[in-house]
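Chemist: Using my numbering, read the sequence shown as starting at 79 and increasing by one per residue.
Calculated from the structure, these hints are not laboratory results.
Computed from a prediction, not measured in an experiment: that's the story for all the values here.
There's no promise every hint is true.
[Stated by the list, open to error] Computed Cβ-Cβ distance ranges for the label pairs, DEER-style:
hint, residue 1, residue 2, range
1, G151, S367, 49 to 59 angstroms
2, K283, G192, 17 to 27 angstroms
3, N101, A249, 34 to 44 angstroms
4, N95, V134, 37 to 47 angstroms
5, G192, Q370, 32 to 42 angstroms
6, A249, G189, 24 to 34 angstroms
7, G151, L94, 45 to 55 angstroms
8, L90, C179, 17 to 27 angstroms
9, P384, G192, 35 to 45 angstroms
[Stated by the list, open to error] Keeping only pairs whose Cα atoms sit at most 27 angstroms apart, straight-line, the calculated DSSO-like set for lysine-lysine is:
hint, residue 1, residue 2
10, K157, K275
11, K166, K191
12, K157, K138
Glycine residues also receive a C-beta, built at the ideal position from the N, C-alpha and C atoms.
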Amino acid sequence: MQPLCNLKTINLSHSLNLVSTPNFKGMPYLEFLYLEGCIRLNEVDPTIEVLGRLTVLNLKDCKNLLHFASSVGGLKSLKVLNLSGCSKVNKLPYDMCHLECLEELYLNGTGIKGLPTSTEVIERLNVLNLKDCKNLVRLPSSVGGLKSLQYLNVSGCSKLDKLPDELGHVACLEKLDVSGTGIREVPSSIGLLKNLKELSLAGCKARSPKSWNTMFDHFQLLRKRSHIPSGFSLPCLSGLHSLTELDLSDCNLSEDAMPCDFGCLSSLKKLNLSRNQFVRLPESVGQLSRLQWLYLNWCCKLQTLPELPSHVFSGTSTKVWGL
Numbered sequence: 079m080q081p082l083c084n085l086k087t088i089n090l091s092h093s094l095n096l097v098s099t100p101n102f103k104g105m106p107y108l109e110f111l112y113l114e115g116c117i118r119l120n121e122v123d124p125t126i127e128v129l130g131r132l133t134v135l136n137l138k139d140c141k142n143l144l145h146f147a148s149s150v151g152g153l154k155s156l157k158v159l160n161l162s163g164c165s166k167v168n169k170l171p172y173d174m175c176h177l178e179c180l181e182e183l184y185l186n187g188t189g190i191k192g193l194p195t196s197t198e199v200i201e202r203l204n205v206l207n208l209k210d211c212k213n214l215v216r217l218p219s220s221v222g223g224l225k226s227l228q229y230l231n232v233s234g235c236s237k238l239d240k241l242p243d244e245l246g247h248v249a250c251l252e253k254l255d256v257s258g259t260g261i262r263e264v265p266s267s268i269g270l271l272k273n274l275k276e277l278s279l280a281g282c283k284a285r286s287p288k289s290w291n292t293m294f295d296h297f298q299l300l301r302k303r304s305h306i307p308s309g310f311s312l313p314c315l316s317g318l319h320s321l322t323e324l325d326l327s328d329c330n331l332s333e334d335a336m337p338c339d340f341g342c343l344s345s346l347k348k349l350n351l352s353r354n355q356f357v358r359l360p361e362s363v364g365q366l367s368r369l370q371w372l373y374l375n376w377c378c379k380l381q382t383l384p385e386l387p388s389h390v391f392s393g394t395s396t397k398v399w400g401l
């Protein structure tokens, strides 16, 4: 291994017959390790933990990988870890929390059931992708400690039925996708996400009305009504001042469940309300001065639209799809 002692990059991506990695002890300067698409790879050599200078580890679509690593605490410089598509990986190393430089973590399509409870110490993490983790049943409360997190995707995690209350503490969060999950309870603290720009709840139909009506109670702006519908309902959304995209498609919404304060979403540009059950939209939709796209596809019961502001007709390009 002496000739490899100065090696900085190894790219063995799509090596279809590779079943295991080499011993890494003779590669102290290795910074980039690419093993994407090595479909027969079933094991990463335990000596990977000695790679103190490794910054990128890509194991995407290593579909037969069973054991990622028992310990990764030595990867002090790792910034990007990609395990997406490693469907047989069902647990993460116990010392993941020691990856203090980690910025991007891709676990989409893996078999994991949860994240380590000490996740909050990964303070530099800004991307966490858990899309289509079909066995994921929970997110730890420590997610609230991810102070740098900007992107969180748990879409398609059908067994995930709750978000942690601490999610509202992730002050930097800009994009949150929980579409296609089994979410039944939404934490009220989500209303604290003042930097949130994109929110997708598409296809989330199984929520309890109670949880929605406590959401955003920090702002005490819930609309008053004498009757709470038994189906899916939404609270006021006034706290999300930075929101530019909101996807509520296929949520089985009726007009009784629609918030009356859409107009408070002063930055909203794209609103998707397709495949819902309402007959009319709240008048406040007409107050969305920056709205450019309004999707109403397959809203079969929809009869009327609210009056849109005059400037919408005088030169701006708001597009209404589905009518």
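Chemist: Hint compliance check: list the failing hint numbers for this structure, sorted ascending.
Modeler: 4, 7
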